[in-house]
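Asks: Residue numbers (UniProt numbering): 1 to 488.
If you are wondering where the hints come from, they were derived from the structure by calculation, not from laboratory data. Since the structure is predicted, the reported quantities are computational estimates derived from the model, not experimental observations. We put the beta carbon where it would ideally sit given N, CA and C, even for glycine. Be aware that a few hints might be false.
Said to hold, decoys possible - With a Cα cut of at most 25 Å, we get these calculated BS3-like pairs of lysine-lysine:
1. 124 / 439
2. 311 / 93
3. 310 / 76
4. 70 / 242
5. 219 / 61
6. 255 / 242
7. 76 / 57
8. 76 / 53
9. 356 / 111
10. 124 / 162
11. 298 / 247
12. 72 / 210
13. 473 / 194
14. 140 / 245
15. 66 / 298
16. 439 / 283
17. 76 / 66
18. 310 / 53
19. 242 / 57
20. 356 / 162
21. 140 / 439
22. 140 / 162
23. 162 / 194
24. 72 / 245
25. 467 / 72
26. 311 / 398
27. 398 / 310
28. 70 / 356
29. 473 / 162
30. 124 / 267
Stated by the list, open to error - Restraint ranges, calculated between C-beta atoms of paired labels, are given here:
31. 305 / 126: 39 to 47 Å
32. 147 / 255: 47 to 55 Å
33. 435 / 242: 34 to 42 Å
34. 80 / 187: 35 to 43 Å
35. 265 / 421: 29 to 37 Å
36. 49 / 486: 50 to 58 Å
37. 56 / 87: 47 to 55 Å
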Amino acid sequence: MYFATGKIVIILLTIQLFTFYQYKYKNEAYRIKKKHFKQLPRAEQIFWTTLTKNDYKEFDKNERLKLILKHKQNIKNHLLNWSKILYDSFRHKLVTLKERDRTINIPKQYKYEEKKNYKPINNKRQITILEATTVFDQPKFCINEEQVIFHPACPFNNCIWKCSRESTTITQSDASIFHYSDINPERIQTFLEKRSINEIYILWIDEAHKDVHHLDEYKFNWTLSFRQDSEVSIATYGLIIKLEKNKNRQYLNDKTMIPYLSDKQSKFFLNRLHNYSSIPIDKELEFRILINYRFREKQALWFVSNCDPKKRLEYYDHLKKYFTIDARGLCIAESGTNEKEDSLTKQCGKSEQCEKDQMHLSMFYLAFESQSCTDYITEKFWRALHHGMIPIVMGPTKQQYLDLNIPSTAFIHVDDYSSPEQLANRLHAISQNYFEYRKYFLWQVQYAIFYETEDLEPLRMCELCIKLNLNTKHRYYENLNDWHNQEC
Numbered sequence: 001m002y003f004a005t006g007k008i009v010i011i012l013l014t015i016q017l018f019t020f021y022q023y024k025y026k027n028e029a030y031r032i033k034k035k036h037f038k039q040l041p042r043a044e045q046i047f048w049t050t051l052t053k054n055d056y057k058e059f060d061k062n063e064r065l066k067l068i069l070k071h072k073q074n075i076k077n078h079l080l081n082w083s084k085i086l087y088d089s090f091r092h093k094l095v096t097l098k099e100r101d102r103t104i105n106i107p108k109q110y111k112y113e114e115k116k117n118y119k120p121i122n123n124k125r126q127i128t129i130l131e132a133t134t135v136f137d138q139p140k141f142c143i144n145e146e147q148v149i150f151h152p153a154c155p156f157n158n159c160i161w162k163c164s165r166e167s168t169t170i171t172q173s174d175a176s177i178f179h180y181s182d183i184n185p186e187r188i189q190t191f192l193e194k195r196s197i198n199e200i201y202i203l204w205i206d207e208a209h210k211d212v213h214h215l216d217e218y219k220f221n222w223t224l225s226f227r228q229d230s231e232v233s234i235a236t237y238g239l240i241i242k243l244e245k246n247k248n249r250q251y252l253n254d255k256t257m258i259p260y261l262s263d264k265q266s267k268f269f270l271n272r273l274h275n276y277s278s279i280p281i282d283k284e285l286e287f288r289i290l291i292n293y294r295f296r297e298k299q300a301l302w303f304v305s306n307c308d309p310k311k312r313l314e315y316y317d318h319l320k321k322y323f324t325i326d327a328r329g330l331c332i333a334e335s336g337t338n339e340k341e342d343s344l345t346k347q348c349g350k351s352e353q354c355e356k357d358q359m360h361l362s363m364f365y366l367a368f369e370s371q372s373c374t375d376y377i378t379e380k381f382w383r384a385l386h387h388g389m390i391p392i393v394m395g396p397t398k399q400q401y402l403d404l405n406i407p408s409t410a411f412i413h414v415d416d417y418s419s420p421e422q423l424a425n426r427l428h429a430i431s432q433n434y435f436e437y438r439k440y441f442l443w444q445v446q447y448a449i450f451y452e453t454e455d456l457e458p459l460r461m462c463e464l465c466i467k468l469n470l471n472t473k474h475r476y477y478e479n480l481n482d483w484h485n486q487e488c
């Protein structure tokens, strides 16, 4: 009896402690939030408080989502100068790699150069590229003849894609592409028997931290991957492009009516805005930023499915104590039963409409990479930018994000903050102050983001075609595994 009573007491104490700490953390987040809001001038506090109350009365979740989508950046692909974009991307990559060579001591032993008997293919009228394997057991560009493989604006149009992989019909190609997880040791021997010294073998590997030591024997010449020092790497998971100046751009003035604000509110907002900015303000961009600030939840969103990397889960566990995070996925089981059950009721499949809607309704996104490998910046980062969120990033160094031409004001790197609590302070400062929030979107007046596969792959294959046309050296990787897993 005494044992049973003691057990009940322990359970009750545990519940009380859990409730106390849960209240403490929620209260701490609320305290930080209020602290930053009170730093605003009194008139601004009243303006934003009144506006927020009215917005939640007048606009439900679906209406807010419609308004955010209505004002989303709309880039018309066919009006862009893709020839210039390709040239700029290619040039930027070369400049970045040259700068890395100058400032970072990277060992060169991964690639070995052969000079004997090699004849460059760059003077050929046609260059043939063989899709030597499937990609995750599915044909890549060999599904139908209508697929766009090379971008229409590619400066070279002499690359031909071949699809025959049958051992009886294999002929020599100028280049053959093998996807790392689809290589069959027996089948690749058939290719090796017919391989000429001039043929370029390309390993396609977009995933990080994979064991590929067994592939060294095939002497791959090039790689197609996320790493900037891959022979083909442009637009692996996303691309930022610089927009040409819009001659028809309209600017705000004192008489501009701000959407969904009264005359009095518009005048107050414009007055405060001109106090913060002395340069002409793009009308369309300012409307978009304001709509997003008003109608997005002041929280971070996180979809997480890979539970193995513990570092990011631990960071999330600390950060959520000081800032609201809407986390979804089975991995949230690591954070307690209640949260797990809540997460399971809010599941969104990848690329489903539910996921896209949620990404248009939160201010921040935890773009925490599963690996910290060099240049491993995946679609989660680019998707967050595309959907108008501020990515909070963890993984590669901040410089590696900047090397992709991403403005430093487009994202937040956890390494810039000494602790999750300090980062939470910054997130509250941004979410409670419109003029801090807008700093993270001013880059959109000059840049646009692309991350959809159908936009990226023709650009990647164009880079491949360019490289094949310009290549004069014959090299192969001596140690693929060490190169691929460097800094992982």
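Asks: So if I understand the rule, the pair passes when the alpha-carbon distance is 25 Å or less; does residue 162 with residue 194 pass?
Replies: holds (16 Å)
Asks: Run the distance test for residue 356 versus residue 162: straight-line Cα separation, threshold 25 Å.
Replies: violated (36 Å)
Asks: Is the hinted pair residue 124 and residue 267 satisfied, with a Cα-Cα distance of at most 25 Å?
Replies: Distance of about 65 Å is beyond 25 Å: violated.
Asks: Is 50 to 58 Å a correct range for the gap between the Cβ atoms of residue 49 and residue 486?
Replies: About 51 Å separates the Cβ atoms of residue 49 and residue 486, which means 50 to 58 Å holds.
Asks: Starting from residue 298, check that the Cα of residue 247 is at most 25 Å away, please.
Replies: Between residue 298 and residue 247 the Cα gap is close to 35 Å, so the pair fails against 25 Å, i.e. violated.
Asks: Within 25 Å, alpha carbon to alpha carbon, are residue 311 and residue 93?
Replies: violated (30 Å)
Asks: Can you confirm whether the C-alpha distance between residue 140 and residue 162 stays at or below 25 Å?
Replies: holds (11 Å)
Asks: Verify the proposed pairing of residue 70 with residue 242, using a straight-line Cα cut of 25 Å.
Replies: Holds: residue 70 and residue 242 sit about 23 Å apart, inside 25 Å.
Asks: Could one say that the CB atoms of residue 56 and residue 87 fall in the range 47 to 55 Å?
Replies: At 48 Å between Cβs, range holds.
Asks: Is the straight-line distance between the alpha-carbon of residue 124 and that of residue 162 25 Å or less?
Replies: Measuring from Cα to Cα gives roughly 16 Å; hence the hint holds.
Asks: Given a hint of 47 to 55 Å, does the C-beta separation of residue 147 and residue 255 actually sit inside it?
Replies: holds (51 Å)
Asks: Just to be careful, I want the Cα atoms of residue 219 and residue 61 compared with a cutoff of 25 Å; is the pair within it?
Replies: violated (56 Å)
Hints 1, 2, 3, 5, 6, 7, 8, 9, 11, 12, 14, 18, 19, 20, 21, 25, 30 and 33 from the list above are not met by this structure, while the remaining hints are.
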